[in-house]
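**Student:** Residue numbers (numbering that gives the first Met the number 0), protein chains in the order written: chain A, 0 to 284; chain B, 0 to 149; chain C, 0 to 466.
Keep in mind the hints are simulated off the structure, nothing from the lab. Hints may contain errors.
[Stated by the list, open to error] Using 25 Å as the maximum straight-line C-alpha spacing, the simulated BS3-like pairs for lysine-lysine come out as follows:
1. B:128 x C:375
2. B:29 x C:415
3. C:375 x B:101
4. C:431 x B:98
5. C:411 x A:257
6. C:170 x C:431
7. B:29 x C:147
8. B:73 x C:415
9. C:414 x B:101
[Unchecked claim] What the simulated footprint calls covered on chain B by chain C, stretch by stretch (three residues with Cβ under 8 Å from a Cβ of chain C suffice, anywhere in the stretch; the number is not a length):
10. 34-42
11. 108-122
12. 137-148
From the three backbone atoms N, C-alpha and C, an ideal C-beta is built for every residue, glycine too.
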Amino acid sequence: MFRVIASKMIVPNMHLLTLAAPAVAREAKPGQFVILRAEEEGERVPLSLSDWDAQSGTITVVFMSIGSTTGRLALLAPGASIPTVVGPLGNATEIENYGTVVCVCGCYGIGSIFPIARALKRKGNRVITIMEARSSYLFYWEERLEAVSDKIIHITRDGTKGHRGHAGRLPEILRGLEEPVDRIIVNGCTFLMKRTSDETRPLGVKTMVSLNPIMIDGTGMCGVCRVTVGSVTRFACVHGPDFDGHQVDWEELLQRRKTYMPEEVVPLRTSRCEERHLRSQEGKS
Amino acid sequence: MNLNSVSQILDFAIEKEEEAAQFYRDLAAKMGQQHVGEVFESFAREELEHKAKLLAVRHGNMTLIDSQRVTNLKIGDHLVEIVLSPDLEYKQALIIAMKAEKAAFRLYQDLASSTDDANLKGILLTLAKEEARHKLRFEIEYEENFLREN
Amino acid sequence: MSESEKKKYDLRRREMPKQPPEVRRYNFSEVALGYSVESAVEEAKRCIQCKKPLCIPMCPVEINIPAFIKSIAERDFVGAVRILKDKNCLPAVCGRVCPQEEQCEKTCIFHKKGGQIAIGRLERFLADWEAQQRELEMPEILPSSGRKIAVVGGGPAGLTVAGDLIKLGHKVTVFEALHRMGGVLIYGIPEFRLPKVIVTREVEYLRKLGVELVTDFVVGKTRTIDSILEEFDAVFVGSGAGLPWFMEIPGENLNGVYSANEYLTRLNLMKGFLFPKYHTPVKSHLRVAVVGGGNVAMDCARSALRLGAESRIIYRRSREELPARLEEVENAEEEGVIFDFLTLPLRYIGDENGWVKAIECQKMELGEPDASGRRKPIPIEGSEVTYPLDAVVCAIGNSPNPLIGATTPGLKIGKKGNIEADEKTGATSREKVWAGGDVVTGAATVILAMGAGRFAARSIHEYLCSL
Chain A
0 MFRVIASKMI VPNMHLLTLA APAVAREAKP GQFVILRAEE EGERVPLSLS DWDAQSGTIT
60 VVFMSIGSTT GRLALLAPGA SIPTVVGPLG NATEIENYGT VVCVCGCYGI GSIFPIARAL
120 KRKGNRVITI MEARSSYLFY WEERLEAVSD KIIHITRDGT KGHRGHAGRL PEILRGLEEP
180 VDRIIVNGCT FLMKRTSDET RPLGVKTMVS LNPIMIDGTG MCGVCRVTVG SVTRFACVHG
240 PDFDGHQVDW EELLQRRKTY MPEEVVPLRT SRCEERHLRS QEGKS
Chain B
0 MNLNSVSQIL DFAIEKEEEA AQFYRDLAAK MGQQHVGEVF ESFAREELEH KAKLLAVRHG
60 NMTLIDSQRV TNLKIGDHLV EIVLSPDLEY KQALIIAMKA EKAAFRLYQD LASSTDDANL
120 KGILLTLAKE EARHKLRFEI EYEENFLREN
Chain C
0 MSESEKKKYD LRRREMPKQP PEVRRYNFSE VALGYSVESA VEEAKRCIQC KKPLCIPMCP
60 VEINIPAFIK SIAERDFVGA VRILKDKNCL PAVCGRVCPQ EEQCEKTCIF HKKGGQIAIG
120 RLERFLADWE AQQRELEMPE ILPSSGRKIA VVGGGPAGLT VAGDLIKLGH KVTVFEALHR
180 MGGVLIYGIP EFRLPKVIVT REVEYLRKLG VELVTDFVVG KTRTIDSILE EFDAVFVGSG
240 AGLPWFMEIP GENLNGVYSA NEYLTRLNLM KGFLFPKYHT PVKSHLRVAV VGGGNVAMDC
300 ARSALRLGAE SRIIYRRSRE ELPARLEEVE NAEEEGVIFD FLTLPLRYIG DENGWVKAIE
360 CQKMELGEPD ASGRRKPIPI EGSEVTYPLD AVVCAIGNSP NPLIGATTPG LKIGKKGNIE
420 ADEKTGATSR EKVWAGGDVV TGAATVILAM GAGRFAARSI HEYLCSL
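If we strip away everything but chain A, and leave its shape as in the complex, we get (with noise of 0.2 Å):
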């Protein structure tokens, strides 16, 4: 088991928790992930790892309230513990001088790119993070982010902050730069992703996506996780979860993706009580 050190809502629906999980803390790696379950009866989910201590053996993961899990460990309070945290899985992202690296997040994507702005940052690299959101009480960590960064850039939806719009405002936002990007990396929601890539598609950067497909097992043994990738299929569990955002096709990982849409609603609107119910039903046939 598991223990919950921390567990606190950050911004509206945006959740923080901090996991005793000494083992993944030692080993953990920008851009990696962890596959938890919330209890017994649960879905493994993954989650990507927004930062880790390997002295006190924590790592902690921020995500976004959106289904029956990801409900579920937001309510979690510390001394609480899960079933499962297994990791760090994936592959790490690629850290290396690369000259100018651009930062583009939002979402639960602002969390998991803050170890990597940090390694670049100390790997030498000039980082400009690009913060996107509907709003801006939406954001956080910024402290954090200015901490490694040598400039942030904010996108609003309502233009409460930073540049009115949203990832369709990124050419002329580098642009305006006035200096040469040598990468990108985005992470964030799948349409944060995908219109990112499409924008800088023509400015012909690199641009590095970190890929959320559904996943069960996350070690390479079910193939649910597939993604085509310059018209290779890939694993994104074992081959990723970073890609060339240039490469993927969207389309197909945004069909995939709702696979299970219709049953994910099911347990949403079971209650607690009635569940318990059922469950005690089962044990007496």
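We have chain A; now place chains B and C onto it with these hints.
**Tutor:** Just chains B and C, lined up with the frame of chain A:
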């Protein structure tokens, strides 16, 4: 491409075997997994053996035997073209080889139908059969290793 | 056998009670119900206790078969269990999934007359009987040797190594990537063939013997083998063959196309057949096709049936060549699985939303026999046929996961991605590293993995004693 005599055809075929060997050697060097690299190296060696056989025929030390009909298991035909990448597995290496041999077979078949010279036609069809036999060898290996449960 | 001899011997195999097909096709409960005590004793009495038993050499784990059968016949079940568990630490599992018909029962002296002793059923009977007893007899454990062994993979091979070495006084830790121990026993074989409560029980037995069981630990990611060797004296790799094969035909990434691993893991490990009580979603399909003919394919097809779908097996060869256990094929046929033999999928056809809606196949015929005498299937031109469906499960095989090979320098890997290991000892190209089971041979049976585990344990023990 000048294929007006048996010796010119043989030279062409010898060149093709060398190209095939090079193709596999290049792939071997790109493989991320060593054991798959070794698979492509072994394919390259096989192409060189074919080349040596054709060289022997070219220099009159051997004749090409016109074998009977070669079985076509048609295993690779409906499979997708494997996109070359460093992460190939043994299974995919065999599919690449099957398709390459089939393409070579087609080439000789097409050349054979484009000539009326009986002698030239004969040698081209024999070369086609050689390629068909190479394809069969890969098909059998694929079947034995990857079609055990199907 | 002469007529008088036939009269002397009881050649009637006692029937195994089973759920009737029309009932069991709707539930995930175990199909075979097990012998009653009386049936077991009757069956055991049939065994003539050959002086030179032909069954023992066919058992990959060398169980003293006539001895445990004799004890059953004498109603000394405690004694029988002791003999059985001396060689087999997972008897309830083996009694259910071992292909005895290809092994010990095949060479039984009564086989020619169809009266071979039902060794598997007796093994299962004993294991189940023991489980019902209040106190389990613990075997003798030798004094601590001070040596530590790490086992990678909590499947049959790894659990056997753990069971053997713990009794010899060594400390054993099993590292398992998933959240439950058992490997294929827990994720691959369905509930109706192998109830998971049995796997849990067998694993608990190992815990009681003192084996340390660590789940959620991916060797190669959480820690490498080299890192583990800094703390342990030896490592056994039993990580199995879990990398799924796909057909490599167009449309493979459409929604509704599963690997057998995914399909079975959702149902077995994640208990998806109890969705939504268990949260891993499983879809209700109307028509499912399973491509393949092995035990895995049968498991998938029979599971699909139980979930309420029309279920068909699409197999490239004929019924005689199905690699699955005959018993499972017959069970599938009784339950109503449709079989399409000599059929090969060419491509998946999708709808406008990216869901599979049909599969186009080609019919095959058996060609001339090849050098080995086997007739190979050859496609019939122009015989294309399309089956409408909403799910396809690819159950055509697996190979070993490349993770261990990629993270252990100096470990020799064969062309099929398997770890190269000595047939008799399981020793690999790395000192202190042994391997056995599917990771060495490619996908095979539970009992062969256990046999490999037994040999490796012996070799590891010799090595540890020499330190």
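**Student:** All the hints need checking, so say for each whether the structure fits it.
**Tutor:** Against the structure, the hints come out as follows:
{"no.": "1", "hint": "B:128 x C:375", "result": "holds, 20 Å"}
{"no.": "2", "hint": "B:29 x C:415", "result": "holds, 18 Å"}
{"no.": "3", "hint": "C:375 x B:101", "result": "holds, 19 Å"}
{"no.": "4", "hint": "C:431 x B:98", "result": "violated, 42 Å"}
{"no.": "5", "hint": "C:411 x A:257", "result": "violated, 41 Å"}
{"no.": "6", "hint": "C:170 x C:431", "result": "holds, 15 Å"}
{"no.": "7", "hint": "B:29 x C:147", "result": "violated, 40 Å"}
{"no.": "8", "hint": "B:73 x C:415", "result": "holds, 22 Å"}
{"no.": "9", "hint": "C:414 x B:101", "result": "holds, 23 Å"}
{"no.": "10", "hint": "34-42", "result": "holds (count 4)"}
{"no.": "11", "hint": "108-122", "result": "violated (count 0)"}
{"no.": "12", "hint": "137-148", "result": "holds (count 7)"}
Figure legend: structure checked against the earlier numbered hints; hints not met, in rising order: 4, 5, 7, 11.
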